[in-house]
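Listed in order, the protein sequences are those of chains Y and A. In this text, residue positions in the first sequence follow the working numbering: the first is 1, and each later residue adds one. In this text, residue positions in the second sequence follow the working numbering: the first is 1, and each later residue adds one.
No lab work stands behind these hints: they were computed from the structure. Mixed in with the good hints there might be a few duds.
Unchecked claim - Here are some chain Y residues pointing at chain A (derived, C-beta under 7 Å):
{"hint": "1", "residue": "A45"}
{"hint": "2", "residue": "D46"}
{"hint": "3", "residue": "S47"}
{"hint": "4", "residue": "R49"}
{"hint": "5", "residue": "D62"}
{"hint": "6", "residue": "I75"}
{"hint": "7", "residue": "N78"}
{"hint": "8", "residue": "S82"}
Yeah, the Cβ is synthetic: ideal placement off N, Cα and C, and Gly gets one too.
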Amino acid sequence: MSKKPTVGPALHKVIMVGSGGVGKSALTLQFMYDEFVEDYEPTKADSYRKKVVLDGEEVQIDILDTAGQEDYAAIRDNYFRSGEGFLCVFSITDDESFQATQEFREQILRVKNDESIPFLLVGNKCDLNDKRKVPLSECQLRAQQWAVPYVETSAKTRENVDKVFFDLMREIRSRKTEDSKATSGRAKDRCKKRRLKCTLL
Amino acid sequence: MEFDSPEEKEFPGLYAAEAADSKSKKSKEESDFDEDHEHNKKDLLIGRRKDKKDKGKDRGYAALEGESSPEEELETKSPSKSKKSKTFKFVSSKSKEKREKSRDKEKSVEEPAHKAKDTDKDKDKERERHDEKEVKKKDKKKDKKDKKSKQLSQQQDEDAEEEDLAMGCPVFGVSVSLATERSRCHDGIDLPMVVRDCIDYLQEQTHNFVIYKVEPIKAELLHLKRLYNNREHDEALNLFNVPLACGLLKLYLRDLPEPMLTTDLMYDFEDVARHQKGREQRIGLQQLMEQVPKCNRTLVGWVMLHFYAVTDQERYNKLNHESIAVLLSPTLQMSAQLMVALLRHCRLLFADIQLIPYVPPLTAASKLPEDPEDIQMELRKQDSLLAQIHSEMNAGFITKKREEQLWEVQRIITQLKRKLRSFEKKQEKSIEELDGSVIQPVPVTATAPVVVPVPVGEDITDSNNQPPAPPNSTVTTISTEEHKPGRRASSSSPVTHNIDVSDCIQVHRNEEHSSSPSPPLYTIDRESGFVLLPETNPHREELLRLQIEYDELMALQNELKARIKAERNEVYRLNKLCEMQLLKHQAAAGAQPPKEADYERIIEHYKRENALLEHKKQMLGKELKEERRACIALQVELRLQQF
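Looking at chain A on its own, in the form it has when it is part of the complex (with noise of 0.2 Å):
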């Protein structure tokens, strides 16, 4: 299909041209006098001959078959004469305008005397301004058209088994609803792949002036739509420009079997956007909206939201509303009227649609999400994805690629479930880790009593820093003996701050999961600030209940962090306290060594001492805490009496 033409694609300057002409003529200008392309276009145009001797075969028509031997003559002399003879492709082309038609006729009509040098020159002359006009264009796309020709020619071998695809289970030129059930978007917006992909490209082009004016190259564009036809979205992707994304979503709805507002619908849409005005259409509109079927409706609301967005850039590509209606409305099956209706009013009346740029699901090249949520996120991509595959597979379409894809995708699930599961694993562990904790300190301590400054430095993770711990010192180990209450507390309450720190976020978390299905009638307590449900509801109590709770446990935590905050300065008092006495000890002591074996045994002494004195305070410790979740208990007990 895509070669029926071959000729147009190297000229893509003269539809370029031709709608230019109508449109615009300050762009045309722009781009007459670009001179600055002068050398690449020869360039591009000897590799563009090479293209096209390799294309030759493909040539759909004959009437230039007699001619193409000359003309090759001519074009190793210059080759930016080459080309000729376009002018064949506008006769088949049906949307061309009246006057282009009469000017192919002069220029067929010239053609058999083509040869002759005379006509040449004026020839060349038209030529080039065409031909100018879309260096500029050819410039940026030049790398991807290089790639797209030859991927153009590897495609053929892989075309006959895709062609299927195409041919049984086309996108275009189906009702909305099946398009977007054979090629959707996997992140549960419903919309045509084709649809979400030229809008999300012109979204980031609305403010370029070309917008909507400039036609595409139709080669180029009927390549598209057979890429998109047979599920190739990536590889189209990577050809878009600013003319082929418009042409190529105006093609699509252009070949929708019905107005996308639905045939039954058309009449009275028509009808208010003619007799009625302001708020009243509006209301009209969306009453008629309603009945829009839900895929249609969202179409409809991702096309109009996206227009608005180009003429809200009017002062860039000299859009309003009127204009685009103008340019677009005959696509749309709708009168301009209408379509100003509707774009003066889309943004209220959908509300609910907002243009998100879609992010295909991975590929196995790609790197997995870390985060549970994008997790969850990717995973119901991929599975909307696979459940696709197997759609188009059940539906007989089997192809190699196909079944690649279909393991690569379960290959991803399985990743990505797992990676999941590990993940909520830890998530359990770390949770069972800190009830556990409180029972850790015990062993730290009591294998390095002697450095007694650094466990407390270790239970409390960030801490000011720690001065290093005296090596031999007895006096240093007496001092810090003497004010072991304060350590053991110090020691004990951030461990049981942690464990009702993750309680509450528990609790907290249960909360709102009992508070998310209830039905929205509540009511709020003024003093309190709780959230009252009515007496009869079942969760009332719960959810007071939980509140309570919170509150409780919220105090607690409060307290707590108070606490911790006082005993780290007394650590850090102690610290400093012990470093002078060290000091002072240091001086003191200098000439007098303290005998070995006295000094290991008082050590000793000190060990054992220190580690019964740790685990005491450990069982306090968990006492305490038991007392502490009771006495909250009892409280949230009397609070909910109150209630």
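Same shape as in the complex, but just chain Y (with noise of 0.2 Å):
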């Protein structure tokens, strides 16, 4: 009934994906409140909200972090429905959650049934560099064939943690430009359309 939230800041609602442990809730944390944590305990959804100033303009970001296990698919599917952006993260020190990505770019163009949605391949765990198990070339390879950008990050040292939500952001928010433009693109169709046929008459 109260329609003042879409008329507050843009909205961009971000899920994070990938295998457990891989550093999902510490990339999240990390954004949110500046802080890592050690301790490893398994999330089974969180989700935080945040303000930010993307390219000037007041924004809001959804940031909705999911668990990693298979045993939370069910509810999995509810939340990738109303995501409008994938930060798709492996650990670059474990080939398994790398192998795993591939499953949950699956599971996403399933659900959101669009392949050009907003979405990035992050490797996280850079600063553990010489316990690397994925070969770069590797991961800028897949990233190519699934035609998303591929960004390397660090939630210990907060290498590149800004700059994967804020590119998945900006995409977010070019991607709902474009749509708004279409459909009113094919209101003014019908438009001309109705005229034609007036027209006609």
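Starting from the two chains in their separate frames, assemble the complex, guided by the hints.
Written as structure tokens, this is what we have:
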């Protein structure tokens, strides 16, 4: 009933996906509160909201931090459906987590039914480069195949943390403006058609 | 749905009067002569007319269409005459009495002649009676109603998508367990939300005379039903009034596919009510009640306890067990006899049920609780709400609104969890701090040794007002130096005391913890008052040990408390002394100030000396504490042997 929220700052909905223990929550908490949590505590689902300035414009970002484990797959679709952009996270020190990104990508595409959904492939834990298991070239190749950007981050050192969130928000924003143009364009088309009919009559 | 009889809304008084007619002439008289509202009424009616125009499209019946325009002409002259013909509605509403129907007929016969002025007069009279009756109600509800009509139109857009939920997974007309599951109270009480809301609302109104007597406006009632079927509880709650809440509760109960005591047991229940009396009857009912499914039992319990509460206010609402049974037993699909029996015994039958008002889960706008227990409770509610949203979404009811809610609830849960975690951390820290505080006093006293009395004051936080320290007097420094031993003890003892208290608390907690899972079979030792578990219980020794330890620690705490008190007195005495000497000194030495260099040197000297002593004191304090602990441990072992 209250239509205020839509009038307020734009709201972008970001969802963190990826295997367990790759650092989704760590990235989120680092972005939200500038804190790095050492201890591992599995997430079921957590959601955060933050006001940020994106290219001079105040916007709100909603971040949904999901569970990496299959156990919570049942509720995952409900979240995926309402997400506007996705950060697909894996750990560069864990090849399994990299392989799992394929599956996450497919799930998202299945739910969203949209190949060009705003999406970033994120290789986390880049501060542990000496323990790297996934070669950079392989990551870049996969990102290329999917036609999405690839960024390496470190939740520990905060490297590229802001970058991934802001890059994704920019994609979401440009996507939204495209969409609204498209719909208003269509609406105009309809008007034109009608008018044409009238003139025909 | 709610539009199929728009006029009814404008004339709620019709039903109301009808009901009042049959049930209580008194109430009618009261309201009939209520004239203050005359002008309000007009305003209201004019306003209403606008609404009506807006809604014109939604009229579901053709019969009135021919009339509507002349009617509106009339209205411009006298707004109060505007409404006729609500009569048609009665025909369609099934629950009306014969008398009503016959009257309807009369009216509808008159209907064609309506426009003629002479018949108008009679009609007006009749109508006015209804109007006035209801003006009272309307006044109260005016704001709400206006809001509602706005909402109504807005809702229409959303209806399309929401309607699915009402159609596919309604709350009304399904079994109690299904309704409870679909529309649950998130505080762990298994009642359908609609029942909870009605009872919560009516529990506040038990003294209200109209309770369960006046029928609500049908259209509003149906609107409420729809809101609940759509799970739009908050909105529904804003529209509540007494007749509506009663009506809604009754509607829910009437719509149940089987009696809430279940069809299978119904016969037995009736049998017990008919053939048994008093205690026997109660036991019979109790036995049957145990066979009723749990959520049905909760429902019956809540409903009966509520009705009981209503009859408890008999002197205000004139309803006793028998009369309320006459009113409501048909709705409950049981005999009046059975209902009276249930009412009579309900407090014993449902001793475990308490009518607790529902506090819904927080929304994003509200402030989060601070107390960890409240946070825990709120977390449980939010989790329950979240689970329900997920299940609704998984069942295919996905709307923008629900998705928003999903994120919002998730966000609140995250915040609550963070809060709880930070609270736990703080608690851990404060315990650590207490342990670490033994070392802390050293730097404090070392940095400011000259201002001798101040550190003492800091150590004993709540001690008597300390006079300000003499800024530059060698005499005082010396005099306090002499009393050092006393001070040493005073600053160390509160610290040890604190630690011991916190230990005590921990021990105490452990004790509670270990005793809770133990079986209820235990004995209490006469001498010591300790709880003794049977020999076979593996927790016996632990529990005993904890109790003894607790006992010992309490003794120590008392001792330390006594010492603190004594030392505070000493501090106070010394301060007095210090003050007096300072005064004397100032009087005597007013003429000859001490040499600067000497003065500095003396201060340096004592500073060092003090720091050293302070450190020694600290070490001694620690040793003392450890000794104490060891003593207690030994004491505990000793006493344990005795048992």
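Now for the hints, and whether the structure bears them out:
1. The closest approach between the C-beta of Y:A45 and any C-beta of chain A is roughly 6 Å, which is under the 7 Å cut-off, so the hint is satisfied.
2. This hint holds: Y:D46 has a C-beta 4 Å from the nearest C-beta of chain A, less than the 7 Å allowed.
3. Given hint, Y:S47 at the interface with chain A, holds; its Cβ is 4 Å from that chain's nearest Cβ, closer than 7 Å.
4. Annotation: Y:R49 was flagged as interfacial toward chain A, and the flag holds, the nearest CB pair being 6 Å apart, inside 7 Å.
5. Using the Cβ-Cβ criterion of 7 Å, the hint placing Y:D62 at the interface with chain A is satisfied: the shortest such distance is roughly 6 Å.
6. Taking 7 Å as the C-beta cut-off, the interface hint given for Y:I75 holds, the closest approach to chain A being about 5 Å.
7. Hint status for Y:N78 relative to chain A: holds, with the closest Cβ pair at about 5 Å, below 7 Å.
8. Checking Y:S82 against chain A: minimum C-beta separation of about 4 Å stays under 7 Å; hint holds.
No hint from the list above goes unmet by this structure.
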